[in-house]
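Visitor: Below are the chains, spelled out letter by letter.
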Amino acid sequence: MTVKLVKVTPKVERYPEYEELDWVIAHGLGVDHTADITSFSQTIAQAGSIKGIETYYYMRYDDSPERNYIPMAFYTVLGKPKVPVLLHEEVEPVGELFKVIAVFSSSLLLQKTAQRALLFDGAKKDAILLVNTSITTDDVVRLVKKYNLAQDWFGKVVTISAAKIDSAIAYPMLGALARGWDRIDLDSILTALDVLGKEKKKESVRKGYEAASVKEVHVLAEETEMFKKIKREVELPEFTGEFWTPDVYYAYQKAAAEAQTYPSRIAAMPRWEVLAPGLIEFGPQPGKRNLGFTTPWRWQRPIIDMNKCTDCKLCHYYCPDGAIDFAPIKVDIDYCKGCGTCEKVCPVKAIKMVPEIEYLEGLRDEEVLRRFEQREYGF
Amino acid sequence: MSSQVAFKNIKEIPPVDYYTSGRRTCAGCGPALGYRIISKAAGPNTIFIGPTGCMYVANAHQFLTSPYAVPWHHTQLGGGGAAAIGVASALRTLMLKGKRKLEDINVVVMGGDGAMADIGFSGLSMGLSYDYQRLLYIIYDNEAYMNTGVQASSTTPWGATTTFTPAGKVKPIGNTRLKKNMALVAAAHPKVKYVATATLWPPLDLMNKVHRALNAGGPTLIHVLLPCPKGWFTNPSETVDLSRLAVETGMWVLWESIEGQFKLNYRPKPRKHVREYLAPQGRFSHLKDEDMEKIDKMIEEEWKFWEESAKLGRLVVPY
Amino acid sequence: MSAIKPMPPVAIEKPKAKVWNGARAIAETVKVADVDVIAAYPIRPYTGIMNALASMIADGEFTADIIVADSEHSQFEVVKHASAVGARVFAGSSGVGLAFAAEPIIVTALSQLPVVAAIGTRALDDPGNFGMEWSDALMFRDFGWLISWAKTVQEAADMTLVAYRVAEDRRVLLPHFIALDGAAITHVATPVVPVTKQQATEFLPPYRPPYRIDPQDGPVTKAQHIAPSLIGPEERKTIDVAQKRSKQVIAEAWKDFAKYTGREYTPFLETIGMEDAEFALIGMGAYMKDLELVASRLRSKGHKVGTVRLRYVRPFPAEELINALGGVKAAGVIEFGYSFGSPFGTGSLYHEVATSLYEADAKPTLLDFLFLGGREPTVEHFTQLAEKVIESAHKKPQKKTYWLTLRGEDI
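Listed in order, the protein sequences are those of chains A, P and V. Once you know that position 162 of the first sequence is 162 in my numbering, the rest is easy, because the numbers rise by one and skip nothing. Position in the second sequence counted from 1, then plus 379, gives you my numbering. Position in the third sequence counted from 1, then plus 698, gives you my numbering.
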């Protein structure tokens, strides 16, 4: 049964009250960076508070709990004199909110965000992009123009190779932030660390401040790849007043999965009349993968050397996400999260995990290769 | 009841996952991997029941998304035991009354340790006392309430740090309760057809146990140890290795009770010192050498009972 | 699948009345209603229903699976899931047992599963008390369950049948409580004309939910965890609309019921003497008969007193109530439920009545009479309260709420 589709232009709502504030959004890989991003956000809020600025920080509760390697984001909000900091817990990446975009792993320059939007969706025109990376500022700008920018950007990029200074990367990042943003200066960060009982980290902050590279940026929307590519409309089943059958459901699912902006994704969500009574959805037909949730989480991908491969099937068996087809052995990269299990279980070492930034862009980023060392809860 | 090995060769396993890709589970998630393997073994004529937990929330938490290629229904955290009985009873009665064609349908509950060993203990016990066929309770044991943020459950091992039992200045051990053995509890129910423990290693072990359970002719239970990189503070790539180390250090014992007959599946020879298993895990990083020795000794003591059970061919309670 | 065929009046079976208590009578209806799965757990006073059903099943009087659960929480989980697979189910409880089952009870409504359950209302602990109070049933009125309230054993038996018809209707698909005033119904035996197997078969279409949890309906995923920015109010709206649609379904069902059985009920309200009433006594359940007697006695003394009995709490018949109370100067709500600390210390039924009357053009003086702790009120108490209602029309009452069975000062 074919489902009749109609084009829908999403409604984009903006909230001037929220845009008056300074938002800092810090992106990281779930669990791996949770403690770092929490420290980062907390210190900024503390520094702001010391300067008499109304502030709060949080992770969108809808986005929690974070999972290993899922793109996740924390928000820190700084008020302005006479501008109240209103609660906007379900903040969406639209309009001009984010003054600072802090990125804790360069793989996130290549992927969609926690909200499945472009990194620069919702950014102010003069946003400051702060990245923990050992690649150059030029390369950062180039990557952003290719993958994650579809609007004007007349701001700054700041890079810092944080783990080189301190494995607790929040602190060099804070120093680098002070270099790039006058609103949160070095002294208030150092004082904030005193208040938080983290005096030992002040040296890392100073070193980050010194070592950071800063560059002014001037990019027009038309110069970016995503501006040309991005599709804002969605195609939805025509509303008949009936609740959905599996075919109608799959059509909605496809529209949501293929949505390229946050407003498009919201537009793909059904109105209540379409919901089958009893909270009914439909899984994929056996043999198919779940369309509604492809996973751009991976910061590294498996490369299988088919000459070495003995077709033992252990990588298919042991992939936690079932992303490796059984026959022939092949990785469905859309569903790979880069956990690295396949590399470990391969008995002939035919699989090698390669960072996405290296695979896709030929760049070597020391920060991405650091060992997983999570030892404290971030939550 | 069939005790033949259904899946002899990894090259001959069913290629289809009925719990498939495209979900919000952690990279390296042990329970998700276990779920995949179990779904392969169960096949398409299966209904999954999902009590609240990681294997509920992480497989959703959006809208217009589902990784279940077979019927799936949520139930409450403590509802797993009873929900399965409701499903099994409905199927059987509808078939008996001619309202549905006669068919073998598996009913598999994927319940976490918190769900099945704590809040749903009573319902699970009720479920095990009935005689519905093709009913399998899986306890995916990641040793804490992970979805709510790593809180201790009654299967959290001694010495593990959790958010409810953090290692601190005046309480340096972390969790001081001892791990509850749910497979043992299940086997103590009269006439339970099949009870087993499993983990991700050796390959095919879990699949064969699922197959045996579903063909055992009555409610069955498999207690599966499944490492959790988020809550155990381990590298996502280490999940399978940790399963293997759990078995090789004797921390996790692989056994089956088939209509009351005890069978020890694996005897680590020699048994590795437990520190090999504990060292990669951040949740044990606060333990001193003497603490790890204590754990190793506990394992050594407990193994006397597993050896005795193996000799007798019947379960001897190790406490 | 049988279509609903209207039967000509001559063909209506008129079976003989049997003297059954409420527990037995309800069980007898469940027996003929082609129920598939029953889950039982003992608690007074509803347990007799399950005892009767277990006995019938053991003797082969009908085919159903009866599961003895380990708790009420499990009991209601069992029927919730059996219903999702496509089985017609029955459960029940009382008092704190019902409270223990709160989690699956709420989820059952919010996931639109047409479970039918009898509540033998009973005072909640503490203290333990076998007496009758309404709060165990009424505390669930927020979640989407349809709630009907029986006056007699006969009505309880009849409501059980109609509950399946309404709950399972595709326009509704909501669970249904049949509430009855504890032991006053379950343990009191009166002549009951049973619903026959033929009547039930003709009246009830087979239960067929749109999507079952069953491999033959494909990979249905039910009750996924959601992110509210994506979906949230929409899933609640379906419940709201189902309740709104249920009114029409209820009216149709009772009309059909009369055709098959000859027993007529006005669907939402039973009103006596309300055409010209100046004073109204509003209540539910078994003690309405006593109130009707008091009303008629006062009529013979020249007071225009009428009674309004609610047969449904959910959906609440607000429009019908406003119409019935048109022209009334003062009314009293007679209830057995409480809401401690509520505005003016009034009870739950009062809240529903007062909220409805807020929309009326003319609002009568409204008093609340709380009979709590399970102590049975008498005709004497009902006479007192009726007189207070009449008095309140002339003189502003000193109090709003009255605890007439209380020993001690009613402050």
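Just so you know, the hints here were simulated from the structure itself, not pulled from any lab data. There's no promise every hint is true.
What the hints assert, rightly or not - Heads up, simulated DSBU-like pairs for lysine-lysine below, C-alpha to C-alpha not over 30 Å straight-line:
hint : chain 1 : residue 1 : chain 2 : residue 2
1    : A       : K200      : P       : K667
2    : A       : K229      : A       : K125
3    : A       : K330      : P       : K387
4    : P       : K478      : V       : K895
5    : P       : K387      : A       : K288
6    : V       : K714      : V       : K987
7    : A       : K82       : A       : K112
8    : A       : K352      : P       : K387
9    : A       : K229      : A       : K99
Visitor: Checking each numbered hint in turn, tell me which of them this model violates, lowest number first.
Guide: 7
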